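Trainee: Here are the chains, one letter per residue:
Number of protein chains: 2
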Amino acid sequence: MKSYLENINKAFESRARLGIMSVLMVDERVDFNTLKDTLQLTDGNLASHLRALEEAEYLRVEKQFVGRKPNTTYHATDLGREAFKNHLDALEQLILSNRKDN
Amino acid sequence: MKSYLENINKAFESRARLGIMSVLMVDERVDFNTLKDTLQLTDGNLASHLRALEEAEYLRVEKQFVGRKPNTTYHATDLGREAFKNHLDALEQLILSNRKDN
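In order, the protein sequences belong to chains A and B. For the first sequence, counting from 1, position 83 maps to 83 in the UniProt record's numbering; every step adds exactly one. For the second sequence, counting from 1, position 93 maps to 93 in the UniProt record's numbering; every step adds exactly one.
One chain only, chain A, in its complex shape:
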C-alpha cells in the first residue's frame, strides 16, 4: 500500500470527526452545543463520534458546574493533536500524489 494511505487514520475518516477535531484544534475547550451547532449534527450522532474519539484518547471530556448548571466540555489531548496533524499530512500527500499524476 502507498505509504500515505497507511498514514490515513481510520479514527478521523468521517466528516463529523474531521469537523470535531478541526474545531478542537482551534478552541481549547468546546461544549456539546457549540460542536452540535457548528457541525450541524444530531445529538446522538455527535455523541457517538465524541465517544469514539474519547476511547481513542484523542479528546478528553470534562464535566463541571457553571452555577447550578452542569457544563460538559471537550478538548483535544496532545495525542489527539499529534494524530490529527499526521492524518492531515497523509491527506496532503494523497492530494499531491493525485495532482502530480493527472
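Treat the hints with care, since some could be wrong.
Identical chains share a label here; the pair holds if one copy fits it or two copies do between them.
To be verified - With a cut-off of at most 20 Å between alpha-carbon atoms, the simulated DMTMM-like pairs for lysine to aspartate or glutamate come out as follows:
hint : residue 1 : residue 2
1    : K63       : D89
2    : K100      : D27
3    : K100      : D89
4    : K85       : E13
5    : K2        : D43
6    : K10       : E62
7    : K10       : E92
Derived by calculation from the structure, the hints in this document are not laboratory data. These figures come from a predicted structure and were not determined experimentally.
Based on these hints, arrange chain B on the given structure of chain A.
Mentor: For chain B alone, coordinates are given in the frame of chain A:
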C-alpha cells in the same frame, strides 16, 4: 457548517475508497487483483467498496474475456473523477484552514 466540510463527500470517506479512486484516476482500467494488491484489502472488503462506488456511478465495471479467462476491470466515470477532485479540494481547504488557525 463550514463550507469545506459540506463538500467532503461521504462516498469517499474511507481509506479504501480514497485508495481505489486514487488508483483509478491514474490508470484508465484496473482489474480486481491489481486493486487488491495495491490497496492490501481482502476480497470482500474491496468488493463492497467497489460496489458502493459503482452504485454512486463513480466507477463502472466491465466484464470481458481474455482468451477463455473472464477479466473484470474497473474505471472511473467522468462523474466520479469530478466528484473525487471536488472531494480532494474540500480536504485541501480543511488542511489549509487547520494550518492557518494553529
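Trainee: Indicate, hint by hint, whether the structure satisfies it.
Mentor: Hint check:
| no. | hint | in the structure |
| --- | --- | --- |
| 1 | K63 - D89 | neither (32 Å within a copy, 37 Å between copies) |
| 2 | K100 - D27 | between (34 Å within a copy, 13 Å between copies) |
| 3 | K100 - D89 | both (16 Å within a copy, 14 Å between copies) |
| 4 | K85 - E13 | both (13 Å within a copy, 17 Å between copies) |
| 5 | K2 - D43 | between (37 Å within a copy, 18 Å between copies) |
| 6 | K10 - E62 | neither (25 Å within a copy, 30 Å between copies) |
| 7 | K10 - E92 | both (16 Å within a copy, 18 Å between copies) |
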